[in-house]
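Use the sequences and the hints to build the structure in full.
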Amino acid sequence: MDISSLYEQLFQKYGDLKWWPADTSEEVIIGAVLTQNTSWKNVEISISKLKENGSCSLYAISKMEEEKLKEQIRSSGFFNRKAQVLKKLSDSVIQNGGLEPLNSWKDEELDHFFSHMFGIGKETLDSILLYAFHRRRFVVDKYTNNFFSRIGMLKKNENAEFMREKIEDSFSVYQLKNFHAMIVNIGKDHCKAKPQCAGCFMNISCDHAKETMFP
DNA sequence: CACCAGGAATGTA
DNA sequence: TACATTCATGGT
1 MDISSLYEQL FQKYGDLKWW PADTSEEVII GAVLTQNTSW KNVEISISKL KENGSCSLYA
61 ISKMEEEKLK EQIRSSGFFN RKAQVLKKLS DSVIQNGGLE PLNSWKDEEL DHFFSHMFGI
121 GKETLDSILL YAFHRRRFVV DKYTNNFFSR IGMLKKNENA EFMREKIEDS FSVYQLKNFH
181 AMIVNIGKDH CKAKPQCAGC FMNISCDHAK ETMFP
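Residue numbers 1 to 215, in the working numbering, belong to the letters of the first sequence in order.
Please keep in mind that the hints were generated in silico from the structure rather than gathered at the bench. Since the structure is predicted, the reported quantities are computational estimates derived from the model, not experimental observations. Watch out, some of these pointers could steer you wrong.
[To be verified] Below are the DSBU-like pairs computed for lysine-lysine, each with C-alpha atoms no more than 35 Å apart in a straight line:
hint, residue 1, residue 2
1, K156, K51
2, K142, K122
3, K188, K13
4, K18, K122
5, K142, K87
6, K63, K142
7, K87, K68
8, K63, K49
9, K41, K88
10, K13, K142
11, K41, K122
12, K70, K49
13, K188, K41
14, K49, K88
15, K70, K88
16, K142, K49
17, K68, K88
18, K70, K18
Below you can see the structure in the form of structure tokens.
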């Protein structure tokens, strides 16, 4: 059992989940900010309102009054902060000529650009680089840590960050996208009710996985 | 009624 | 470095 086998077992069950659920890269970025510590259901309400008003774009947000933006993203919670974050982010991107020019930037340049932005932390950065810019990024968030804890590869309060490099070297961009999508799916479907069930679900030995997945 | 959700900034020690 | 607090809505 190695990390590729793990992915294959998950893929056999879940298949292509087509993440991130968004029409455009700009929508990915907006959603990534809005979903910070917030259920995706609440984000969907906000995205719908933005779309209704034709304001689900970085350009529209940069031109919009902040109070108006707060109103539209209210359902996602933390709207004072998130409106400010989205305004600053949109302004910065628009100043660089929009999202298009950024596609030719190097990974490190995108990383530097977004990670120094107010309100963009590690998890949000991972999602933006992987799902909006299609870069080789493994998303390490709470679901990721919960998942690897449950299959016995992480001790309590230990972070999955240490396996980032190996995973990013082992998978394609598409696989990294779907890997995280499947991890989130498992988290939503099983983990809360039955903490031990991820290993059972994948039909693997948790102890065996711990010893052999990342030698 | 309490608790949590696809976090991050800020303050304290 | 390691925690605690704050931000805020909507679902269960």
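key: Given hint K49 paired with K63 - CA-CA distance at most 35 Å   = 16 Å, holds
ask   = Is the hinted pair K156 and K51 satisfied, with a Cα-Cα distance of at most 35 Å?
value = Violated. K156 to K51 sits at ~41 Å, over the 35 Å cutoff.
ask   = Do the alpha carbons of K87 and K68 lie within 35 Å of each other, as the hint requires?
value = 11 Å, holds
query = Is the straight-line distance between the alpha-carbon of K70 and that of K49 35 Å or less?
reply = Given that 35 Å is the threshold and the Cα spacing comes to 11 Å, the pair holds.
key: Pair hint outcome, K188 versus K41 [Cα-Cα no greater than 35 Å]   = 13 Å, holds
ask   = When you check the alpha-carbon spacing of K142 and K122, does it fall within 35 Å?
value = 11 Å, holds
request  = Mind checking the alpha carbons of K70 and K88 for me, to see if they're no more than 35 Å apart?
outcome  = 14 Å, holds
inquiry  = Against the 35 Å threshold, does the CA-CA distance of K49 and K88 hold or violate the hint?
reply    = 20 Å, holds
ask   = Are the Cα atoms of K13 and K142 separated by 35 Å or less?
value = Since the Cα atoms of K13 and K142 sit roughly 22 Å apart, the hinted pair holds (cutoff 35 Å).
request  = Starting from K41, check that the Cα of K88 is at most 35 Å away, please.
outcome  = 25 Å, holds
message = Need the status of pair K142, K87: alpha-carbon distance at most 35 Å?
response = Answer holds: K142 to K87 is near 26 Å, not above 35 Å.
query = Regarding the pair K142 and K49, is the alpha-carbon distance no greater than 35 Å?
reply = 28 Å, holds
Hint 1 from the list above is the single one not met by this structure.
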